[in-house]
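There are 4 protein chains.
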Amino acid sequence: MSYKELKRQAFEANMELQTRNLVVYTFGNVSQIDRDKGVIAIKPSGVSYDKLQPEDLVIVDLENNIVEGKMRPSSDTKTHTHLYRHFENIGGVTHTHSTYATAWAQAKTGIPCLGTTHADFVYGEIPCTAEMTAEQITRDYEEETGVQITDCYKDKDYEAAPMVLVAGHAPFTWGVDAAKSVYHAVLLEEIAKMSYLTRTLAPQGTVLSQAIADKHYYRKHGKNAYYGQN
Amino acid sequence: MSYKELKRQAFEANMELQTRNLVVYTFGNVSQIDRDKGVIAIKPSGVSYDKLQPEDLVIVDLENNIVEGKMRPSSDTKTHTHLYRHFENIGGVTHTHSTYATAWAQAKTGIPCLGTTHADFVYGEIPCTAEMTAEQITRDYEEETGVQITDCYKDKDYEAAPMVLVAGHAPFTWGVDAAKSVYHAVLLEEIAKMSYLTRTLAPQGTVLSQAIADKHYYRKHGKNAYYGQN
Amino acid sequence: MSYKELKRQAFEANMELQTRNLVVYTFGNVSQIDRDKGVIAIKPSGVSYDKLQPEDLVIVDLENNIVEGKMRPSSDTKTHTHLYRHFENIGGVTHTHSTYATAWAQAKTGIPCLGTTHADFVYGEIPCTAEMTAEQITRDYEEETGVQITDCYKDKDYEAAPMVLVAGHAPFTWGVDAAKSVYHAVLLEEIAKMSYLTRTLAPQGTVLSQAIADKHYYRKHGKNAYYGQN
Amino acid sequence: MSYKELKRQAFEANMELQTRNLVVYTFGNVSQIDRDKGVIAIKPSGVSYDKLQPEDLVIVDLENNIVEGKMRPSSDTKTHTHLYRHFENIGGVTHTHSTYATAWAQAKTGIPCLGTTHADFVYGEIPCTAEMTAEQITRDYEEETGVQITDCYKDKDYEAAPMVLVAGHAPFTWGVDAAKSVYHAVLLEEIAKMSYLTRTLAPQGTVLSQAIADKHYYRKHGKNAYYGQN
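For the record, the sequence lines run as chains A, B, C and D. All the letters of the first sequence, read from the start, carry residue numbers 1 to 230 under UniProt numbering. All the letters of the second sequence, read from the start, carry residue numbers 1 to 230 under UniProt numbering. All the letters of the third sequence, read from the start, carry residue numbers 1 to 230 under UniProt numbering. All the letters of the fourth sequence, read from the start, carry residue numbers 1 to 230 under UniProt numbering.
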C-alpha cells in the first residue's frame with residue numbers, strides 16, 4: 001500500500017470519530033499500519049477535525065521515527081506503536097475520550113458483561129488497566145501507557161477483547177484496520193452507556209451467565225459463526 | 001399481498017428504526033407477516049441500514065424455510081416466527097437493542113407502571129422474561145428466546161402489553177403490522193428512559209394507582225375509548 | 001381576534017413543541033384563549049405534528065362545547081378550560097410528557113428551587129399535585145385533573161409559578177399566550193433535567209437561599225426588574 | 001482594535017454558545033476586552049441568539065459605563081468587568097447555564113480532578129465559590145458575584161483553572177480572548193458530564209493521582225509542553 005493510500009484510510013477513520021460524535025475539538029486519534037513497510041499513518045497532534053486533510057497524516061515507523069510528514073504526530077504515538085509491536089494481528093488503533101467509556105475509566109473499573117450487546121462483540125469483561133505508578137510516569141509516559149495496556153492482556157486474548165480502559169484516562173480500541181478500530185470505539189461507547197444505566201438502576205445486579213455470553217460471542221465469531229452474510 | 005409489497009412494508013419499518021435513533025450499525029430487525037400466505041418478510045442478517053434495499057428483505061415461512069431471497073435472514077428469525085405462531089393477532093415484530101430498554105433488560109427486571117405515559121400504551125408491567133437456562137441454550141437458542149417470551153405471557157394479554165424485555169438481552173415489541181411494532185419500540189424506549197429517571201430519583205417511589213392506570217389505558221383502548229379521531 | 005388568527009397562533013405554538021424536542025408522536029397539546037369571545041383554539045386529539053394544519057385546530061367554548069372544527073378536540077380539553085376558568089390572567093396552556101419533567105411527576109414530588117436558573121423563572125417550588133383519588137376518577141377525569149392543579153394553587157400564585165407537575169402523570173404550563181406557555185414548558189424541562197442531575201449527584205444537598213432566589217426572581221419580574229430591553 | 005472589530009469578535013463567540021448547544025433562549029453571555037482602550041464588548045441583555053447582530057453588542061468601560069450601543073448590556077456586566085479588573089491577563093469571559101456544569105454548581109461542590117481529560121485543561125479542582133451571603137446580596141449583586149469568584153482565587157492560579165462554578169448559580173469561564181473563554185465553557189460542560197457519570201457510578205472513587213495530573217497538564221502547558229503543532 002502506498003503512503004498516500006495508507007494516509008487516506010487513516011484519515012477516513014479519524015473523520016468517522018467526529019461523524020459518530022465521539023470527540024470534541026481535537027480529542028482522539030486513529031492510526032493504521034502497513035505491516036509490510038513497518039510504518040503507521042497517524043493523526044497529527046492537536047489538529048481539529050474540521051481542518052484535517054488526508055495529507056496532514058504523519059507516517060511514523062514502529063520506533064517512533066517520522067518517515068514522512070510536515071506536522072508533529074499525535075502525542076499518543078508511542079502508545080499506538082507499542083500496541084502494534086505487541087499485538088501482532090491488529091491493523092488499526094483508536095484512542096478517544098468518549099463520554100461514557102471515559103467515565104468508567106475514571107471510575108477505574110472494568111465493564112462487566114451485563115448483556116448480550118456486550119457479549120456479541122467482546123468476550124468477557126472490558127478490562128481496566130492498573131493505575132500508572134509515579135515511577136512509570138518519570139519514564140516515557142506514552143510508552144508506559146502502552147505497557148499498562150499490554151500488561152492487562154498477559155492472560156487475556158486481545159482479539160477477543162479489542163478494547164480497554166486506561167485507568168484515570170480513557171479508552172483505546174483496535175481492530176484489523178483503522179475503520180474496524182473506530183467501529184469498536186463506537187460499540188464501546190454504546191456498551192459503556194448501557195452498562196452505566198444498568199449499574200445505576202440495579203447496583204447489585206448480576207452479570208450475564210457465561211453460557212449466554214458464550215452463545216452470543218460464538219454466534220458472531222469463529223468457525224461456527226452464523227451471523228451476517230459470510 | 002404480493003411478496004414485493006410485503007417486503008416494501010417491512011423495509012420501511014426497518015428504516016424507521018434508524019430514523020428514530022433506536023439502532024447503531026446493524027443492530028435490530030423488523031418483520032411483517034402475510035397470514036394468508038403464511039410467510040414473513042424480514043431483514044437480512046448483518047446488513048447496515050445505509051445499504052439496505054427493499055429487495056434485500058427475505059421471505060421466510062413459519063417453519064423458518066427461506067421462500068424467496070438471496071441473503072441469509074436475520075439470525076433472530078426463529079424468535080420472530082415463534083412469536084407469529086403463538087400470538088395469532090400480531091402482524092409485525094421488532095427487535096432492537098435500544099439503550100434504556102436494554103438497560104432494564106440487563107437489570108433483569110420488568111418496568112413497573114410509574115405513570116400515565118406507560119398506562120396510555122401498556123396495561124400493567126412491561127414484563128421481563130426469566131433468564132435462559134444453560135440447558136435451553138444447548139437447544140435452539142433463537143427458538144428458545146421465543147419460548148422465554150411466550151412463557152411470560154401465559155397469564156398475560158400479549159395485545160395489552162405488546163412489548164417485553166428478554167432478561168440479559170434486549171426488547172422485542174409487536175403490533176398489528178411492522179409499522180406498529182416499531183411504534184411500540186419507540187414508545188418502549190421513551191417509557192424506559194422516563195422510568196429509569198424516576199427510579200434513580202426516587203428509588204422507594206410508589207407505582208401508579210390501578211384506578212388511574214385503568215382510566216388511561218381504557219381512554220385509548222377498547223370500546224369506550226375516546227382518544228383520537230376514530 | 002378572528003378564529004382563523006386564534007387557530008394560527010395556537011398552531012404555531014403546538015408546532016414549537018416538536019421543534020423543541022418536547023414530544024414524540026401525538027403527545028402533548030397547546031391551546032390559546034380569546035377572552036373576549038370566550039373560546040379557545042386547541043389541538044385535535046391524536047393527530048401527529050407532521051400532519052397538523054392550522055385549520056385542524058378546534059374552537060371550543062369554556063363549557064367544552066365545540067364551536068368550530070371538524071375534528072375531535074384534545075382529550076385533555078376539559079383540563080385546559082378548567083385552567084382558563086380559574087386562572088383568569090392566562091392566555092395559553094401547554095401539556096407535554098417531556099422526559100425529565102415527567103420523571104419528577106412520576107416521582108410524585110415537586111421540584112425544589114436548587115439554583116438561579118429556576119429562580120429566574122419560577123418563584124418557589126414547582127409544585128406537584130396530590131394524587132388523584134379513585135373517587136375523583138369516577139367523576140370527570142380530565143375536569144378533575146384541572147381540579148388537582150387548581151387545588152395546588154389555593155395558597156400559591158399561579159403567575160409566579162406558571163408550571164405544575166400532575167402526580168403520576170406529567171406537566172402543565174401556562175402563560176399570557178400559547179407561545180409563552182410553550183416557553184415555560186421548555187424552561188421546565190431544562191430545570192427538571194438540571195434538578196435531576198443535582199439531586200442524584202448530591203442527594204442531601206441544600207436548596208438555594210431565599211435571599212438569592214428573591215434577588216433572581218425580582219431582577220426579571222415586577223416593577224424593579226432590570227433584565228432585558230424593556 | 002476598532003469597536004467594530006471588538007464587537008464582531010465578541011459576537012462570533014456569543015454565537016458559538018448556541019452552535020455548541022450550551023444555551024437555551026437568551027441564557028448566557030460572552031464579552032471580550034480591548035485592554036488598550038479599557039473597554040469591553042458584551043452581549044445585550046435578554047436578546048435571543050437567533051436575532052443577535054454584531055452591531056447589537058454594547059461597548060462598556062471597566063467602571064460599567066456604556067461607551068457605545070443602543071441596547072442595555074447584559075445584566076451580568078458587572079461580574080464581567082470585575083473579572084477583567086482582577087484577572088489582568090484575561091481577554092474574554094463567558095457565562096452560561098450549561099446543564100451539567102450548572103448541576104455541579106447547584107450541588108455547591110467543586111469538580112475534583114477525576115481523569116486526564118480534566119488534567120489536560122485545568123490544574124487541580126474546578127472550584128466552587130462560597131455561597132453568597134444575604135448581606136452581600138443587599139449590596140451590588142452582580143459585582144458581588146465577581147467578588148465570590150475572585151475570593152476563590154486568592155490562593156489559586158486563575159490561568160491554570162480558567163473556569164469556576166458559582167454556588168447555587170452556574171459557571172463562568174475565561175481565556176485570552178472571547179473565543180478561548182467559550183472553548184473553556186465547552187470543555188467544562190464535557191468534564192462536568194464525565195465527572196457526574198463517574199461520581200454516580202462510583203461514589204467512593206478516588207481522584208486522579210497528582211503525578212498523572214501534573215504530567216497531563218504540563219504536556220499541554222508551559223515551556224516543556226509537547227502537545228500540538230507549536
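Worth flagging that the hints you see were computed from the coordinates, not collected in a lab. Among these hints, one or two may not hold up.
Identical copies look the same in the list; a pair holds intra-copy or inter-copy alike.
Listed below are the simulated DSS-like cross-link pairs for lysine-lysine, each with C-alpha atoms no more than 25 Å apart in a straight line [what the hints assert, rightly or not]:
{"id": "1", "residue 1": "Lys51", "residue 2": "Lys220"}
{"id": "2", "residue 1": "Lys220", "residue 2": "Lys78"}
{"id": "3", "residue 1": "Lys215", "residue 2": "Lys37"}
{"id": "4", "residue 1": "Lys215", "residue 2": "Lys78"}
{"id": "5", "residue 1": "Lys78", "residue 2": "Lys180"}
No experiment lies behind these values; they were computed from the predicted model shown.
Can you give me the call for Lys215 and Lys37, within, between, both or neither, at a CA distance of at most 25 Å?
-> neither (39 Å within a copy, 33 Å between copies)
When no copy is specified for Lys78 and Lys180, does a C-alpha distance of 25 Å or less occur within a copy, between copies, both, or neither?
-> Close inside one copy (20 Å), not across copies (29 Å); limit 25 Å.
Alpha-carbon proximity between Lys220 and Lys78, which holds within one copy, between copies, both or neither at 25 Å | between (32 Å within a copy, 17 Å between copies)
Given a CA cutoff of 25 Å, do Lys51 and Lys220 count as a within-copy pair, a between-copy pair, both, or neither?
-> Only across copies: Lys51 and Lys220 sit 20 Å apart there, 38 Å inside one copy, limit 25 Å.
How would you label the pair Lys215, Lys78 (within, between, both, or neither) given a Cα cut-off of 25 Å?
-> between (37 Å within a copy, 15 Å between copies)
When held up to the earlier numbered hints, the structure conflicts with hint 3 and nothing else.
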